[in-house]
Amino acid sequence: MKKLALFVIFVLIFGTISPSLVNYAYAQNDPSILLRIAIQADKQIVNQLDRVYGDQIPNNIQIIYDKGHTAVQSLDESLPNDLKKAKKDFLSAMDAFMQISRIISQSAIKVVNTSDKIDRDLSSEIDRLEKYVKTLETISKKYNINVTNDFIKIHNLIEKTRNQTNNENVKYDKIIDEIKIILNSIKNDIHESNSKHQSGFIKQFFNKLLDKINLQLIQAENTGIDQSQIEKANGLILEIKELLSKNQIKNAKIAYVQLKELMKNIEY
Amino acid sequence: MNSLFEPIQLKTSLGDDGILFVRNDDILDTMVKTFLLVVSVIIVAALIPTQSSFSSPRALDLIIYPDGSTHISTEIDLDPFQNDYDLDLFGSTIDNLVVIGDNEFLLTTDVMGDSALIQTFGSSIISVEYDIHDLVSKQGRLWTFSLDSPSEFTLLLPKNSAIVGMTNLPINMEIIDDQNQLTLSSGKTEIDYFYSTNLSDSITNIETESNNVLYVIIGGVMIFIIIGFGIMIHNKQKNLKLIQNIQTIQKNNVTDIEMIFKLKPDLREDDKELVKFIFNSGGEVLESELRKKFLQPRTTMWRAVKRLEREGVIDIEKKDLQNLVKIRKNMEKQE
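These protein sequence lines map, in sequence, to chains P and Y. Read the first sequence against the numbering used here and you will find it ends at 268, with the numbers running on by one and no gaps. Read the second sequence against the numbering used here and you will find it ends at 335, with the numbers running on by one and no gaps.
Treat the hints as calculated values from the structure; they're not laboratory data. Nothing false has been slipped in among the hints.
Chain Y is faced by these chain P residues, among others (derived, beta-carbon under 8 angstroms):
1) Gln40
2) Ile45
3) Lys87
4) Met94
5) Ser101
6) Ser105
7) Lys131
8) Ile190
9) Ile202
10) Tyr256
Note that beta-carbon positions come from the ideal geometry of N, C-alpha and C, so glycine has one too.
This is chain P alone, in the form it adopts within the complex (with noise of 0.2 angstroms):
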């Protein structure tokens, strides 16, 4: 009994520990990673260096490229055995070259957030918005929601749009927001099928959380809270619980954030 007890928590510490260790076996599993991400970026470098400058770089980025490119020497060399120098080298050669490809982009034009339209790619655009309509369409499908016909007007728009994406006359952000205001109202069809379908999942919910309120409520007493704010607490557990058995869910749910807050004041 005792050697099977012991089993069991052996078994039990192991399973806990695994996934971290396995993450652990993982990342030194293959360091020679390292060694292709920072050639890759060498090289890189190199090809930037040659672009803007030719021969004439500037002795302050060559002393940069020097010690990036040093350290890849070097990280070759302390690899596969000496891992935990490898990881200096690598980070010192991806800071090197981190600071030369800034130098190098400074000179050219402000920074400019990708949260400004301008800058925005129609293809990049149009790649987002389809993973959105397949996501939408799964769940429209789950639910036997009939919006086919809007998902079919959809496609056509991205078809047509990806067909002429170098058209200059084709005028995307009026077909991209037509394309949104079909996608809105699909949104509302699912959330409004989904209230029908969701009510018995709500209401079990409630019923569930209201019990612990419930047991909550009755510690409270024994506590010597106010006996007022409890009993505004049991008012509004019964009003929920009539409004869900009229089906009332919205109202529910405004009448439960009252509770959830009275609950709080009473520090429950």
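Add chain Y to chain P, keeping to what the hints say.
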């Protein structure tokens, strides 16, 4: 009367001199096991909550599009007694937000700035997807991705992008549909990359870990088969093989400068001049002589020499603390 209740242990353990002997191996055994039991329970108790704590992402995947916008998909464990959940978004410019709860219900969400209030109604797990435009900035041709992640995450970079700087050690890297996918640990991460349609060649140089494993397995099997065949054929065709080897070596043996340029057609014009000079100087010169001849600064010449070494045209050796540059005798043909 008292003697009737005399303990058995006492009776058997008392020696002639009345000394009390107690069996201490059982006590030790019990003490060790109890200690082990307590320590184990503490370890398990301490680790379990961190593994299944609520509101922690169980998966976080990011896809960067060519325009720098990022698609985020994540799954979050929640307290099933919560009716709503305040989700911290990674920024405030959010598009196409979809939150799905248990039973694949589309959950109602209100986005306020960089957070979203989700009506979860007892869902124990939610999956969240949205697009965001705050994670990548661009300066000139350089794109910078930055994120302070609460958990380990994967990052799929756009096609034709090349990483030129990063602040964290990647856990893994794979290539998915010609795109680099990095697995990174939690915390602050910054990655600089160039994005261009001309970068595709260099990107394919990076091989995936999974590919490597596959190559190792295939390579292993191939080597096994080749060795088998080799042993079989070895005795029969020993002489023939020897002749073929000699011919192969002679094929790439560099005898004149035109042959070098034929084997390496993509050499830069200024590099060709260097090669000509080395070849005409008997196939080897000191790097300092090259600098004097071509009036180049030390670093520029060093880079040129390094480039030729990478191309497989020359070898660099140390001679009296100087670099001796030699034309490689057996040169491989450029692919």
